[in-house]
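Please take these sequences and the hints and turn them into a complete structure.
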Amino acid sequence: MRAGATVALLALCMAAPARADAVPDFSGIWARTTFGYDLAPSGPGPLKNLARRPNGTSDAFKLVGDYNNPILQPWAAAIVKQHGLISLAGKSYPDLSNECRPLPPPYVLRIAQMQMLQEKDRITILYIQDHQFRQVRLNGTHPAKVVPSWIGDSVGHYEGDTLVIDTVGIRTEPTSLIDMYGTPHTPALHVIERYRLIDAEAAKQEQERSEHEYGRPTTEPVYVDFDYRGKGLQAEFTVEDPGTFTRSWGSSVAYRRSSVREWGEIACAENTADYYAGATATVPTAERPDF
Amino acid sequence: MRGTSTIIGLTLALGALPSDAAQPAAPDFSGVWARLTFGFERPASGQGPIGRYHNQSNVGGNFESPNLTPSAAAIVKQRSEILRSGRDYPNPSLNCWPMVSPYIFRVQEMQMLQKKDEVVFLFMQDHQVRRVRLNSTHPAKVTPSWYGDSVGHYEGDTLVVDTIGARIAREPVLDMYGSPYTDALHVIERYRLVDYEVAKAAQDKNIRDAGPVATEQAASVDEAYQGKGLQIEFTVEDKNVFKKPWSAVVTWRRAGGWVENVCAENAYEYYSGGLTDIPRADRPEF
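In order, the protein sequences belong to chains F and V.
Using this note's numbering, the letters of the first sequence correspond one by one to residues 1 to 291.
Using this note's numbering, the letters of the second sequence correspond one by one to residues 292 to 577.
Since the hints were made in silico from the structure, they are not lab data.
Some hints could be false.
[As the list claims (entries may be wrong)] If the Cβ cut is set under 8 angstroms, some of the chain F residues that face chain V in the computed set are:
(1) R101
(2) P102
(3) L117
(4) T124
(5) Q132
(6) F133
(7) S149
(8) W150
(9) I151
(10) E265
(11) A267
[To be verified] Derived pair list, reagent style SDA-like, types lysine to any residue, alpha-carbon separation capped at 20 angstroms:
(12) V:K406 with F:P24
(13) V:K407 with F:D121
(14) F:K62 with F:E213
(15) V:K407 with F:S27
(16) F:K145 with V:N358
(17) V:K406 with V:L425
(18) F:K120 with V:M403
(19) V:K406 with F:M116
(20) F:K145 with V:E551
(21) V:K407 with F:R261
(22) V:K407 with F:K204
(23) V:K406 with F:Y228
(24) V:K406 with F:K145
(25) V:K432 with F:G160
(26) V:K406 with F:Q115
(27) V:K407 with F:E213
(28) V:K407 with F:Q115
(29) V:K407 with F:A22
(30) F:K204 with F:Y228
(31) V:K406 with F:E119
(32) V:K368 with V:N358
(33) F:K120 with V:G322
(34) V:K407 with F:Q118
(35) V:K406 with F:W263
(36) V:K535 with V:A364
(37) F:K120 with V:K535
Keep in mind it's a predicted model, so treat the numbers as computed, not measured.
Backbone N, C-alpha and C fix where the C-beta goes; we use that ideal spot for every residue, glycine too.
Next comes the structure, spelled out in structure tokens:
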């Protein structure tokens, strides 16, 4: 009996660390149905597209961010307005997504499919677009002096059922942006993401609200497994950048299980620029036209 | 005493619980690995890669290699002539395309994330990701892709990766010598840890044979680290390009760091097919 009690006690003691170390399981491939951030029902939120389709949804081919949104500093509002005019003219302004550059948070949340690889001391997040990935150091701190990079320096930790990721050090370029309207940012950009599993119905409703605003993409398929009844994944995020925004603002996006079990390749970059020579590579040329 | 035995048994049982991080018996390939050259090491015996033309720099591959089929030799020669003219032929490294194996071993830093059912490779250049399904088979009909379809399994201390189904781009490039490839390409890679001395000697010999890289690179080896290195022996089959299979080796040591290394910054607009309205200066800067 004593031995049995000892074993039982030992088993409890050994189980305790396991519970303490237990982290939510975010494995699997996750998919979204829109590119946009969820509009906040109240409080400061992301910009809304002023260009609407006849059915009232955001016009994906005319991207005019609401440059009157009071969260924008005047210089940022001017850039958003300028981008809107370019888009209304049927042209494109520089966009990290279109030009095959790495996307920082929160803009990276626009990518339709992603996968998290959870390890003891780091999280690797794989994104289907242009084989991008991010690595998040768990329980680490940012360096005293961060070397700016396209995706920034990310550290994370678990708070119960939630993974919290803190990102700074996002590189600023003349064409830097953090949303589909070309909203710029400064070196002070600070993004906090909070990932947690949510019920299937909550994920479904959040995605449907997003579709109500943005509509589904017309340029590519939607990869959500609509029959899957398991948990969804929600990423709430907060953006701070006093140089760009008058106050911090937040939003969220919802993922559901992807319909693909093994994702394909979406290679964005096929350019003829010769990286080293700074010239155009010798591409094959036809001696006569194809028509 | 009985209680103690039970406790030991329980401890062993708990210790044997399977983990998603890696199969219990699998070798641990974690960490960041680096190499400092682009070239392959020749195998200990047997057919090796075609190598450089007369072992010279910047003249391309040895198009006179008897292992090349005539059509492949003509392509290697054409690429060599472009290099001799001071220009470059289209290739994945310069043009930011995903790289097929073994060409991808020219990327000088990589990580392996070993999961229960797959191994994910992260390559530093242009943040490339390659996936290998473990204990699986190739589909009956493979959809061609840049990286091809890769399956793998562990054989003791060795990870074996088998790849077919590489996409035939307009300008397929298999290695830094300019060899092309066709839809018959089949690559087998064998990964295993080797002692520090073995890894260092192999890297040093490779630098002596191939010469140091001429331009500054983002990659670095941690010279103070004296733990295991990683060695990949691989075999290439493509009957349309090579008369017989050939093999080579690449050796990695612990890296000194990992940086963002982005290749693609172009003004081509994916959806409209035109050029983006990029910012312009009102006056020249000079």
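So which of those numbered hints doesn't the model satisfy? 16, 22, 23, 24, 25, 27, 37
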